[in-house]
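Asker: Work out the full structure, taking the sequences as your base and the hints as a guide.
Counting from 0, one number per residue, gives the positions in the sequence shown under numbering that gives the first Met the number 0.
Among the hints, erroneous ones may be present.
Below 30 Å or equal to it, Euclidean Cα-Cα: the simulated DSSO-like pairs (lysine-lysine) are [unchecked claim]:
| id | residue 1 | residue 2 |
| --- | --- | --- |
| 1 | K85 | K9 |
| 2 | K34 | K9 |
| 3 | K34 | K85 |
Treat the hints as calculated values from the structure; they're not laboratory data. The structure presented is a predicted model; accordingly, all values stated were derived computationally and were not measured.
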Amino acid sequence: MRRAARALGKHGLVHAYGHCSLRVDDDHFLVCAPKPLATIAPGEAGTLVSIHGELPPDVLGEVRIHREIYRRRRDVGGIVRSMPPKAMSLSVMGRTPMPTHGMGAYFAPAIPLWNDPQLIRNDSEAQRIAGQLGDAPAIVMRGNGVVVAAPSVEDAVVLTWYLEDAARIELDCLAAGVAPIRLDEDEARRRATRSGRIFERMWDFLTHGDPE
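Answerer: Spelled out as structure tokens, the structure:
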């Protein structure tokens, strides 16, 4: 989890704000220390959180989003709450990154938009956003970043990078005055592969040089 946190900070996917977590077992998850992720030190402890109980007093309020997703989705083993700048820019246009290239294929057919810029600081809102996420790998929050849910925290970090790259490409196309071409259902299905160590190589790239 610490490596995941530092990778997110190193590559500009978070700044002062953001957090990540990993599932420990059916009843608990571990969330990173409540500080800028790039500053998390080797060996620095996170906090164990019950999936079924109240949040501990020393974790950030939006960690309740993680809790609600873990409650609903047994397939999720890692979550990243991030602030990727290109995805943020698209979000205030009321858009989420379209699947237009290989790395965007993992989000087909579309990434849902949480159309509310407020912080998630109560259980009812966390339940609502987890419900809107549904079975999707990510949800974009208008003017407020991204939540990615994946089978592992490593996958969640990789998908966060993929989502931001999809946002970058879409913004480049829009700036050029050209509408990007969306992958069709078959193109997205065939391209969203895990073979060839696709995710593993991106994880290695994002964490290269990490002290742990």
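Asker: Hint by hint, say whether it matches the structure.
Answerer: How the hints compare with the structure:
1. K85 with K9: Since the Cα atoms of K85 and K9 sit roughly 16 Å apart, the hinted pair holds (cutoff 30 Å).
2. K34 with K9: Holds, at about 14 Å.
3. K34 with K85: Holds. K34 to K85 sits at ~23 Å (cutoff 30 Å).
Consistency note: the structure conflicts with none of the earlier hints.
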